[in-house]
Every structure is written in structure tokens, then in C-alpha cells.
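The lines below spell out each chain.
2 protein chains.
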Amino acid sequence: MKACLAQIHVLPGQPAANTETMLKAIAAARAQAAELVVFPEMAIPGYLLGDSWERDAFLRECEACGHRIREASKGIVVVFGNVGLDWRRRNEDGRVRKYNALFVAENGRFIGPRGGTYDFVVKTLLPNYREFDDSRYFYDLRRLAAEEGKSLEQALTPVITERMALGCILCEDAWDADYGVSPLDLLKRHGADLFVNCSCSPFTLNKNVKRNRMFAAHAERLEKPLLYVNSVGIQNNGKTVYTFDGASCIYDAHAHQIGLPARFEAGLLQADIPLDQSEFARPLDAREDGVADIYQALVFGIREFMQMLGVSRVVVGVSGGIDSAVTAALYSRILSRENILLVNLPSRFNSPTTVKLARTLAANLGCYYVEAPIEDSVRLTTAQVNGLAIASVDGSLRARLALSDFMIENVQARDRSSRLLAAFAAAFGGVFTCNANKAEATVGYTTLYGDLAGYLAALADLWKGEVYALGRYLNETVFQREVIPAGCFDLTPSAELGPAQAVDQGLGDPLIYPYHDRLFASWVETWHRTTPEEILEWYLAGTLEQQLGYKGKLADLFPSAREFIADLERWWRQYNGMGVAKRIQAPPILAIKRRAFGFDHREAQMGVWFSGRYLELKKQALAHQG
Amino acid sequence: MKACLAQIHVLPGQPAANTETMLKAIAAARAQAAELVVFPEMAIPGYLLGDSWERDAFLRECEACGHRIREASKGIVVVFGNVGLDWRRRNEDGRVRKYNALFVAENGRFIGPRGGTYDFVVKTLLPNYREFDDSRYFYDLRRLAAEEGKSLEQALTPVITERMALGCILCEDAWDADYGVSPLDLLKRHGADLFVNCSCSPFTLNKNVKRNRMFAAHAERLEKPLLYVNSVGIQNNGKTVYTFDGASCIYDAHAHQIGLPARFEAGLLQADIPLDQSEFARPLDAREDGVADIYQALVFGIREFMQMLGVSRVVVGVSGGIDSAVTAALYSRILSRENILLVNLPSRFNSPTTVKLARTLAANLGCYYVEAPIEDSVRLTTAQVNGLAIASVDGSLRARLALSDFMIENVQARDRSSRLLAAFAAAFGGVFTCNANKAEATVGYTTLYGDLAGYLAALADLWKGEVYALGRYLNETVFQREVIPAGCFDLTPSAELGPAQAVDQGLGDPLIYPYHDRLFASWVETWHRTTPEEILEWYLAGTLEQQLGYKGKLADLFPSAREFIADLERWWRQYNGMGVAKRIQAPPILAIKRRAFGFDHREAQMGVWFSGRYLELKKQALAHQG
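Those protein sequences? They're chains B and R, same order as listed. Residues in the first sequence are numbered from 3 upward in steps of one, following this note's numbering. Residues in the second sequence are numbered from 3 upward in steps of one, following this note's numbering.
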């Protein structure tokens, strides 16, 4: 059976544009004599649309676009995702009834599941974790079945086209491990010749290898081919930006798989699907993701995000450190050199070493470069505020303001970003970047309106160690020369905001990245998130290195439990206190892994919490120490 | 029957502290010889906790705290909300099974619903709109019943204490209009002497009057008293901060109601509840909320937010305009005058009129005041960027930067906030405020890192007209004298960033607030949100004034459809474009009404959408005009 998997580029919130893309893909599939063409989930509206689902005019347009696709289905079976509407019923929020739906059109007609309520298939399993909010907008098949007094098995039937019985599901329906019900298995009982999974599934590091394993196992169990079609593009929920890598493919009943050669590219995969259980030649892709995939996702995500905003020029503040160097190097793979301006913004605390590194980086990239000292402005601000007499108008209150060294550190950081980089970006006709990494973002080791400002935080889902690895990959594999100067890797990481952070004396950030990267990951990224209670328990049991995957020895970092606990509490407080406050006003973060800050990892400001058990363990540990 | 409604102050994420509060309330109720004491929903953990529900250590602590409450129930029935855990089962995200649960303890034992699975009551209806994400964290009773092969009616049974059958529900369970099932009616079938609704329900303008109407109708239909217990405090989801006003009360079967005298105050309502259907003396509170309630919620919310952050001093940039004047006046009701510093930050574009208004306001409030001109710094920034030659290091690329007047407007705004107000706040030992109103926030008529910066945007859920009304209320009712100078009300609203915004010439903002307030409200706040399609349809039908509740005449604002459409599209583009980008980095917003920006009204960056129908209507309208 000749089929086309239409891995299209979906623009969220632009149904008319997506419909045009789909009509072209249908024409191309027809030209290749395909009998079936399959599009991703929510191909018409897009998926991450915030509360735009509450706009009835938008819903009507999506519905109308669906009819245009239906009309184009002469002589071909077209499967696509769209919002399914029932204007006579209501969702539980009182708004119009909406389904995350899969439509099958053939010869100008929609074909619903056999004996079903609607002329579309309703998604059964609605994900409600990370960035997914399906239940906020959509009614699911389990509730619909209950409402109609049916069992789920009765409601989950195949779609019967002229030639085949299609077992149709949407995305999460195949990720059924924790739902206590398997839509695919229920469909199998009714008999299907072929299974189709339409998805809108963001790239997450190592998700593809997991999906290949799971979906191949499904196909083996179902004894039928399983088509997986995912979209390409970027979508976001405001605070967090997701890339969609496509990676559409077909699994056969023998744990084999064929797919498109490239991720992150729109394309039409044309394949002859053996309905008779013969095998594809190609084995399952079991490759783990690595730094090359991170690089690819970042470049794709940044490029797409800029395109969406209509921005084509960028200003990067380059300190001589690794984060800004990697950021600049990444942009040089996206924009031509005349669209990039690197700005080094030295104060008296910046060493000649780092200024030289910034300049060398700019020379290597060939882009615009300028040095803009902040000394005069910081002096002006200090003079304007420090020592200033303030009073009430009647003179009955009088006081004098004073800026501490720490406050002047923040003055410098804000001067760089909000005063200069923002002005440079405007004058250059572009935007400026936020270069923060995930360790800094976790504990708010950044200045609000300072180095935390920018239009996008592209590296903020990468730990410091991952930023170094990406830098090495850029030099060794992408550029195949030393574009990022070796000094950027060798330098002590430092904000260079005061004499205590003098890199030439080996002074710098208070973060011990190899350890803190791993510690913070256990707070943020693990499915069962740790708190000081688990960390201290493991420390006392002598298993913390192993639990965190930290290669060094904790005894080398912390001579005793007292120092260990002080460090643990310091960063835990920062993570739950100022860290949250700063992230609320942080730029959008490009998600790479399975827990990006923003609306992937949701947070409230509510102060710092230590469990009673932690406080008990701490008392014991310190008492023991004497 | 003697009962106490314990309207406690709940600290989100602080189970141990909340448990102490509850133990004190139980002791007080016992001292009053009460037989029953009822606490709010999620009294132990708090409710809006972001993804802290994923921390197993936190869950274990909540469970342990629940047992402490249980142990304190000797001789009294204690009803309270907590997370209900089933460590052997899983949620659909694979994490431990969690319920939004209500516990009833008596004589040291938990009493579950008759014949139920657990020793706690499970919430049936989980809200998934606005700030509510119950389905993200909790399993509901409908799914539990289905999992166990029961009907919902079988699962929804009363809790039988020594003396009574209690019909127990949680918050949304009583807001059942759109769910197709009424937990209260199902409970009634089993027979109950008394119904209890434990809630954690944020203040929203006019929600109380609606609840009184609905809950009184429930009590009439149930023919039994209904106790409503809500918490006091603030909780947030990062981007949006909610106040909780308590307003706990008892409804009898005759649409009468008794409650605590004050909203937004913790307290114990002690009442003799007539189980025999005799009536309370007091009629239903059917009062609509007004500006006094807005004022009360704002003062409460700001005070609590500052307490949570541990902040007690504030810097307000005062321009002479109404927004900053109202902000300053509000803070003067929260902090003593020596903890408030007003800063006027004039440039050469600021009129003597506005500087004088700022000074008069400060004199009226008696707090610290200082004028800090930004002229030198703006000149320095302009000199540093405008006309600057930039080049690649090898000199092969050369260009010159230029700052337009518009860019220099933004330089001024950022200079004020990120350079000066931030430094003033640090030196003053406090924070600085964001004074943006909701109209500005909607269309991003603000500068990022400029007037959109600050620790909290207290007025950003109020339209400009509502800010004026609040200002009048402050003068007339709160201060009972002209604290906010009359000039602040009379002035043309203006950013004063350039000669085109000279207030003394009557020039100012491009927003026509009386109309745009209403237009934007229809995009943001209505349950069925409008788009340009509906707006243009109504305009063409001559009904737009009425649809929006705009008191003026559109013909006076826009001589023809061309001007009307140009204005509509300008602001729609801003709302969906830069407006979203700016809101992503905006401070937390204090929610007052039913759709605050942040994580109440969720948004994605995805460019601007106009429906096909709108484009068609527009073509007709413009063609018609010729």
C-alpha cells in the first residue's frame, strides 16, 4: 500500500497557512500515486496556542479549513489532526465542546470511526504534565464514552476506508504505560489493517530512542505496521519554546523502522507499506542523542524563533567566558556575519585576558565587534545614588542612601544589558541575547534586567558542563578549527563584577559546576525530584556521588558535614527564593531536555521549605560532628 | 449543633506552619465546646504550589502533618483539606497517586466516606481553567470510581461521625453547572444531615455574590445547611498572584446566610447550626463588589506579597500621572512613610506640571521624595551608541549605528527603571514597583526593562478607567482629602518621552482609554473572547458601542471605517505581538478580576492572526467606503 507521511512545518495559530501547506502536500502525494497521506496532530491549528482555544472565531476558521482538506480528498485517503468541535455540547468550563481530533477524509467525505458519535476520531489519553495542558482545552474519549453510556472499547473503533480498516490514534494514545488502558490494544480487538499515530511531539533529548523502542514493541504486538507522523517547527507556551523535530517513520511488526533521513526538516516520506507482514530492511534506530542533537535542536530552534519574530540581526554581549562565546558561535551558524554584532562591555574589573578572548572570538567569527566600556556610566549612577541625601518634602524625614559593593556589582550588570545592549540592539536593528546557562538560572546567579535580560535564553536548558561540551563540539566538529578560543574553556568561570572575581588570580563564580550541575539536576530534572532531605540522607550514607552521578569526591569539596550543609542550604534557598523571582521575569527559554524552566517546570513564589525529616537529619549530622 | 468554621491563613508550601495554625484553631474550637471544626481545602499544603507536588518528601510531610491533626481530634470532629496519597497506585503521569482530598477525623481516627476506598473524601470535579490545574496533579473521583468499577453515586457517600452524616465536598464540586453531574445531589440521595464545602477559592471581583446565589440555592434544594470554608492569604503561580478573602459562611435551607464580618481576615466563625431546618435571621448577601473591594484586595495582596518576600520598603517612580500616584497612595496604606521613597525622574521632555504633581503627591503622603534627573545618563548612552562606528576585527565589515527618536524614548524608560530605580531600591533596602495598568499591559504600551520592570505590578489587572476610579475612591473615602492631586486626574495621560507627548499642549498617549479599555476587555476578559471578526461585525452593524458597553459614540473617534479598522488592527497586532513578548518578562501581576495576565490568561508567541471572515468583512467595509 502506497502511503505518504507528510511531515509538514506547522505554524501555530495560523490555520489558513497550514491548510495551504497541507493542500500542496496532498497534491504531491497524489502525484506519487499514494493511496494514503497522513499529517501530524493539530496540523491545522497548531498545538501550543495558550488560551487561543477560547476564541470561537478561531475555532470556526479551523473547522472551515478542515472542510477545505476534506474537499481535496478525491481519490486519496487523507488523515490529519484538527480541533474537533461539537457546537451543541459544552466542555466542563462551560465553553464549546472541543476535542483533540483526528480526521479521515476520502473522496470528499469525512469518515468517522465505525459506529462512533462523530465524523472524527477523539483522542483518548490527554497528557497533563510538563508543557502539556490537554485537559484544559479538550474533552477526551473516556469521558465522552461515559457520557454516552458506552465502554471505551465500544467507542474506540477503526475507521473503515474503501480499502482498509485504519486504527487511528493521537500522540499520547500510544504512550499508554501509566494510563491503565491501551487504546492500541482496544483497537486491535476490532481488527485493523494499519495503525496511524498523528503526533505533535516536541523534541526532548533521548525521546526518539525511547519512542522507537515503545512504538516498535506496539507494532510487534499489533502485528501490523504503525505509522508515526510528527510535525516540524517551533511552538511555545510563552515562557518555554519547544522545537519539533518530525522524525516521522513507519514501524513494522518485526521491530524494523523506516523514516525520513533528516530530523528538523519538513518532508514527505513516501513508502510502500507491507500489509502482509513482510519486513523493512532497516533495523530500529536505537541511537542515543548526544551533543550533535543538542546542537541541531538549538540551531533549528533559534532560527525558527527569529523567523517567527521577524528578527534577523542579533547583538551578543561577549564577556570572554564560555557561555557568551558558545552563544555567539551558535548564532554564526544561523546568521551571516554582517548580521551579528558582538559587544564587549568592560569595567575596571574585567581582566585584559577576557577582553582579549572576546576580541579573538569576534575575529574568528568575522562579525561586527565593538568594545563599549561601562565605567563612565557606572560612575555616574554611583555618584547619583551613593551618598544621596533623601528627605520628605517637609524635611521631617531625612536619610542618606548608600550603595554597597554588591549593589554596584548589580549596577554594572544592569548597565551592560538594559542600558547598552538594549540600545545597541535597537540601533543595530535587532535583538540581544541572554546567555545564561541552566545552573545560573536554577539559583538565580544572574542579575535581573542585567545578564538575565534578552529576547531568548538559548542555553538556559543546558548545565554548565553541557555548555562546555557544546563549545568543544562546535570547534571540533562544526567549525573544525578553534573558533571559540581555548582560553574560554580554560578560564575560571567568573562574572568579573568585583575584585573577588578576578579571573587572572583564579577567582570566580561561587558555583562548583561539576558538582552543582548534578545537584541542581536532581532538584529540577529527575522525575522524582529530590529535596535537601534525600540529598542529606545520601550524603550521610556515603552514596551521594553515585546517586547524582558526580565523578569527583565530595570530601574534596567539603571537609565536613557543616560545610556540605551550608552549601546545600545556600543554593536550595537561592533556587526556591530569588531564583523563582528572577525566572518569572526571565526571557523565553529554549527547551532541550525534559524539564526546562518556564511553563515546563512550573513554579510559585512561596519561600523556602525544608522538611521536618531534613531538619532532624541535619541536627544529627551536626551533633555527630560535635 | 455547635460548629466552628476555621477561616485560617494558609501559607502555601509550608505544611508544618499551617499545621501549627490548625492545632491552635482546634484548641480554640474545643474551648468553645464546638462539636465540629472545619478547615479550608488544602489547608495543610496550600494549593497553588506549581510543580512542588512532584516532590515526594513534600508529600510525605503533608501526610505526616495530617496525622498530627488526626491525633488532635479527641472529642471533636475535625474536617480539613490535604493531599490524599495512595503510594501503591500511580497517577497517569507515572508519579504517585495524589488526590485533592478532604479528611474527617474524630477521636483520633480518620473516617472515610461510607464504603469508600480510602479514609478520606476525594474531590470529584477538578477545575482546569484560569489559574486552576487540578488535573495536572490530582486524580479525581470519577476516574477512581471507573477504575474500581463503581458508579459515581456509589463512590460519593457521606462520612458518618458519631453524631451526624456529613456530606463532604471540595470547592469546585459545588460549582457543578457545566459538569453534567452534581456531587451534592448524589450525596443527598444517600442522606446527609449537613453539607460541608472546603474551598481554596481566590478572590475575584463579584465571585462572592455569585457564590452566595448558587450555594444558597444548593442549600434550599438539599434542605440542609451548607457550610462553606475558604482560606485567607495569597498564593501565586509565579506570573499571577491571587488573594484569598475567606468569606466563609453558612447557608441554611431558606436562602439565608451567616458569616464572618470581615473578608481578608483569618478568624473562627462559631455558630449554632440548626439541623432542624429553622432559619438564620440574616438574609443572603447579594451585594455586588465595587471599588472598595478592589481597594481592599489590592492592599491585602500587596501587604501579603511583601511579607512573603520579606520586603518592607518600597521605591515608587512617580511621573505625576495617575498610575504611579495611585500606586504610591496604595503603598502609603501599607507601609509607614519612612519606608516609602518616591522618585521623580525627569528628562527634558517632562513638563514642570508633572514634576510639580509628583512633588505635591509626595508632600501629601509625607514619605521620602527625591528628584533624580536622567538627562546626563541618557546623553551619555546616546553619545556612546548613536553614530558609533562598528567594524569586524579585520576591518572588512564597517557600519555606523544610529538611534532614532523612538529608540531614545526607550533608552529613557530603561534608564529610569533598570539604571536608577533598581539602584535606588537596593540603596533604600527595598524593591521598586511596576505601575503599569491593564490597557498598557494588553498592548505592550510599555518599555521592557523600563516602566514594565518592578517586583510586582499591582495595578496591571485594572483598566485605566478603573485606576482613575480607585484614585477617586482613595481621595474621597480612604484619605478623605486630596492626597492624589486633582491635576493627576485632569492631566492628559502621557509617557512624556518625546515632544509628541507634551502634556502641557494636551498631547499624550495614543490610547483612547474610555474606548480601548472596553475593546481590550472584550479580547481578554469575556468568557467568549472576541477577535477583530466580531468587533468589525458589530461595528458594521452599528452595535459595537452597546456590545462593548462603551458610553461614547464611535463616530466621534473614527470618522470612517478606514480609521476604525486601522486602529483595531494596530492594537490587535500589538496585543498579539510585542504585547505577548513583553508580558513574558513582566513582573507578577496581582489578579483582581476574572482574567489577569500571566498564568491566568495563558499565551504563546505565534504572531498575529486575522480570520478569513474578518479579512472578507474588511474588504467589504473598505470597498463600500470607496
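Some clues are possibly wrong.
Same chains, same names: a pair is fine if it fits in one copy or spans any two.
20 Å max Cα-Cα, derived SDA-like pairs, lysine to any residue [to be verified]:
id	residue 1	residue 2
1	152	183
2	620	66
3	26	73
4	152	181
5	100	183
6	358	397
7	100	180
8	26	16
9	358	395
10	212	361
11	26	409
12	620	58
13	620	62
14	209	140
15	553	283
16	76	378
None of these hints come from the bench; they were simulated from the model.
> Going through the earlier hints one by one, which of them does the structure break, listed in rising order?
Replying inline: 10, 11, 14, 15 and 16
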